[in-house]
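Participant: Each chain is listed here by its residues.
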Amino acid sequence: MSEPLFSKKNLKLITDPLNNSNPITVQVLGICSALAVTAQLKPAVVMSISVMVVLAAANVIISLLRNTIPNRIRIIVQLVVIAALVILVDQVLKAYVYDVSKQLSVFVGLIITNCILMGRLEAFALGNRPWQSFLDGIGNGAGYAAILIIVGFFRELLGSGTIFGLRIIPESFYITNGGFYANNGMMILPPMALITVGVIIWVQRSRNRKLIEN
Amino acid sequence: MNRNGNTYTVLYAAIMVILVAAILASVSMALKPNQVRNREIEKKQSILASINITSTVADADKIYNEKIVNQYVVNSKGEQVDGDAFSVDLKKEHAKSNDEMILPVFECKTDAGLKYVLPVRGTGLWGPIWGYVSLNEDMNTIYGANFDHEGETPGLGAEISTEAFEKQFIGKTIFDNKGDLYSIIVAKVGQEAPAEHKVDGISGGTITSKGLEKMLIDDFTRYEEFLKKKKS
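If you're matching them up, the sequences are chains A and B in order.
Just so you know, we're using the numbering used here here: the first sequence kicks off at 968 and counts up by one.
Just so you know, we're using the numbering used here here: the second sequence kicks off at 62 and counts up by one.
Hint data in this document are derived by calculation from the structure and do not stem from the laboratory.
Backbone N, C-alpha and C define an ideal beta-carbon position, used for all residues, glycine too.
Don't take each hint at face value.
[To be verified] Stretch by stretch, here's where chain B covers chain A in the computed footprint (C-beta under 8 Å, at least three residues):
id: 1; segment: 975 to 984
id: 2; segment: 1015 to 1027
id: 3; segment: 1079 to 1090
id: 4; segment: 1142 to 1150
[Said to hold, decoys possible] DSSO-like, lysine-lysine: derived pairs with alpha carbons at most 27 Å apart:
id: 5; chain 1: B; residue 1: Lys228; chain 2: A; residue 2: Lys1069
id: 6; chain 1: A; residue 1: Lys1009; chain 2: B; residue 2: Lys239
id: 7; chain 1: B; residue 1: Lys170; chain 2: B; residue 2: Lys157
id: 8; chain 1: B; residue 1: Lys239; chain 2: B; residue 2: Lys289
Could you build the full structure based on these sequences and the hints that come with them?
Facilitator: Laid out in structure tokens, this is it:
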């Protein structure tokens, strides 16, 4: 390889998805799972890690195969690679970290349908070398993770008064215990996740005007 | 070879599918013993949790062998029949007719006397829910309960597997004064029911809560003859 592993251009593959080309807020991919798993922080974090691992691995595999894949069935090939990886991850989790696999339950399977994966395979891995594809996978996984964790943080804090299951808002504040506070039940429901993502998009675009479409 | 030709495409697809299938099959075979073991330990932990004993993956086996003094299967008439209680698959049993159905019972020795653990299984919103309910020797008062689910929504229906929800069942009774089976009402806010038969449902998880209620009445009904026999 002629250029250094962490050249400026390669690092951009990781940092860009965190901001200017974030898969959720800018490319608007993977919204469905972002809404489903963010009612609490813990599943959001585990889901983020799983997506990052699967995305990076799938990117590398597709990139290695990119010169052999017949054009007409490339989407099917991508899907097979993703599905196989997801099943592998699921099986390994079930065998070695059973409690985590129970936490994730259906979400692991849902990775297959996450648009970010196919989006990155189609748009990046098919045309780039394995190392760059790996970085792109990690970067986009991290961009996805960042949004999930922000949304999960606010939803769990405002919806349940806890963070990672630990109580943040004291019990004595609650109306039921003679206090003045009540959890916002709306925050646990999917619509508020969408609104939270909307607010993040709003904040991001007001800080970075280049992203505003006409 | 022409990479856009039919032959190449078909060959490519065939080889890919066979390779992937082989990899997945061998991984699944290799990991199977571990997975089965994990499920067994989990089941033991759940049974222990229903008699209010917390166990870790490491000591579940030991405590289970210590506490569970007897396990057997009964039929819907409440008679003890042949069978291994631990390996009974409730899903399969529930699909059978009443005459053929066998139901597992676990007898546990605790500091508070002998307890009977009955497995239950039903349907939540997204998939199956199941659990274990332990009864005092009067076959009426609930000593403890443990519930689990496959894919209920975290923060909503999935709350049935939290301690806060399960604790509510302790001390509730499943028979009314006349001795008829009443089961437990998992109530929505404002729903009226006798306090000794009522627990609070989960807000935002109504369908799961009602599924759990139905699971309890259905399964207690299956055990009804057995419970009445033991009671008298």
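Participant: It remains to establish, for every hint, whether it holds in the given structure.
Facilitator: A quick look at each hint next to the structure:
{"no.": "1", "hint": "975 to 984", "result": "violated (count 0)"}
{"no.": "2", "hint": "1015 to 1027", "result": "violated (count 0)"}
{"no.": "3", "hint": "1079 to 1090", "result": "violated (count 0)"}
{"no.": "4", "hint": "1142 to 1150", "result": "violated (count 0)"}
{"no.": "5", "hint": "B/Lys228 / A/Lys1069", "result": "21 Å, holds"}
{"no.": "6", "hint": "A/Lys1009 / B/Lys239", "result": "47 Å, violated"}
{"no.": "7", "hint": "B/Lys170 / B/Lys157", "result": "31 Å, violated"}
{"no.": "8", "hint": "B/Lys239 / B/Lys289", "result": "13 Å, holds"}
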